[in-house]
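**Student:** Using the sequences provided together with the hints, build the complete structure.
Just add 28 to wherever you are in the sequence shown, counting from 1, and you've got our numbering.
Hints may contain errors.
Each computed DSS-like pair below joins lysine-lysine, with the alpha-carbon atoms no more than 25 Å apart [stated by the list, open to error]:
no., residue 1, residue 2
1, 166, 101
2, 274, 242
3, 127, 101
Rather than coming from a laboratory, the hints here were simulated on the basis of the structure.
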Amino acid sequence: VSHSSHLSQAARPLPGAARCDPRTEVFSVAPMMDYTDRHFRYLLRMLTRRAWLYTEMVTSEAIIHGDVDRHLKYNQELEHPVALQLGGSSPESLAKAVKMALPYNYDVINLNCGCPSDKVSGKGCFGAALMRDPALTKELVSSMIAATNASIDASIGEADARRPAVTVKCRIGVDDNDSYEELRVFIETLASVGVTHFIIHARKAILNMKLTPKQNREIPPLKYDVVHRLARELPHLTFVLNGGVKSFEDTERCLEENSGIVGVMVGREILNRPWYWGDLDRRLYGVPNPGISRREILGNYSRYAVQEMKDNPKLGHGTILKPVMNLFVGARGARMYRRVISEMSAKKAPVDEILAKATDCMLDEDLDARWI
Numbered sequence: 029v030s031h032s033s034h035l036s037q038a039a040r041p042l043p044g045a046a047r048c049d050p051r052t053e054v055f056s057v058a059p060m061m062d063y064t065d066r067h068f069r070y071l072l073r074m075l076t077r078r079a080w081l082y083t084e085m086v087t088s089e090a091i092i093h094g095d096v097d098r099h100l101k102y103n104q105e106l107e108h109p110v111a112l113q114l115g116g117s118s119p120e121s122l123a124k125a126v127k128m129a130l131p132y133n134y135d136v137i138n139l140n141c142g143c144p145s146d147k148v149s150g151k152g153c154f155g156a157a158l159m160r161d162p163a164l165t166k167e168l169v170s171s172m173i174a175a176t177n178a179s180i181d182a183s184i185g186e187a188d189a190r191r192p193a194v195t196v197k198c199r200i201g202v203d204d205n206d207s208y209e210e211l212r213v214f215i216e217t218l219a220s221v222g223v224t225h226f227i228i229h230a231r232k233a234i235l236n237m238k239l240t241p242k243q244n245r246e247i248p249p250l251k252y253d254v255v256h257r258l259a260r261e262l263p264h265l266t267f268v269l270n271g272g273v274k275s276f277e278d279t280e281r282c283l284e285e286n287s288g289i290v291g292v293m294v295g296r297e298i299l300n301r302p303w304y305w306g307d308l309d310r311r312l313y314g315v316p317n318p319g320i321s322r323r324e325i326l327g328n329y330s331r332y333a334v335q336e337m338k339d340n341p342k343l344g345h346g347t348i349l350k351p352v353m354n355l356f357v358g359a360r361g362a363r364m365y366r367r368v369i370s371e372m373s374a375k376k377a378p379v380d381e382i383l384a385k386a387t388d389c390m391l392d393e394d395l396d397a398r399w400i
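**Tutor:** In structure tokens, the structure reads:
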């Protein structure tokens, strides 16, 4: 980290018009309910221009029957590459949701086949539960792919370049359906209708013991070798590994040449210490980091938050300020920083005043450090 006072340019957006190839998904931030909303993604784009970002999972029914803009709108000048993750178990409903999402120009539309929560895989009968039914899941992705194809007009070349890929995020198994052979059948069944890119959480999902989602992230053992075997045996497909990655060193080990995988997805560690990952573009992509300091990040985020709350009076302090709560984890003053945000938010103070007061809790050396 450099403590230079030189003002580097803030994060520049990647071009938003062209689709990004999911095979470039060297590093991605996992879709996480209640966290990876567009506010958190705005923060992340100040730390990395290259990492793939994912929305929270949105059900097809929520898009069809709810406020479409609230679920799908995002900053198209800033966020690419960005993937929309959908949940659902009806081919017709998912196809309709995909068609409704096309005008929003997501780079990828991903089907959730890995969420173990009871609401999703139990009562909802989708998420990880879909791994028990490869035939149904094949219908789902086939309908989604057909929905993207329906947008193709006479200008095939340009339209095809702008068509989002349909990808799948899954586990390595579910309950007793956890053999390598069953996983390979699931993958090849979906590949037979055109899915070529898979993000695999290297744990099985345990649905028959009523574990919480948190327990399902921790109790089933990680089996990276299963994902590596898939990548070796199915080289015409691409695989991203998810689960248990906590550092750059972990990421680099996972991406060793003989692993066969093209990328790594990280979730909770991004939430827990976002600033740590500010060296991502240099270390993993070999390009300059955005080089923006935390003082600049908070200044930008303050202006953003003020405008967001002005545009949406129902937006709560907790929602808009959650992304910056862990920005100083490990630094002196971080506890007071979080306390100021929490206490002033409870009093409904203006968000710019909250962030200014919280900034005062931190040392200049931490505020002005930057990854270069």
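**Student:** Does each hint hold? Answer for all of them.
**Tutor:** Going through the hints against the structure:
1. 166 x 101: Since the Cα atoms of residue 166 and residue 101 sit roughly 28 Å apart, the hinted pair is violated (cutoff 25 Å).
2. 274 x 242: holds, 16 Å
3. 127 x 101: OK: residue 127 and residue 101 at ~14 Å, within 25 Å.
Hint violations for this structure: number 1 only, all remaining hints satisfied.
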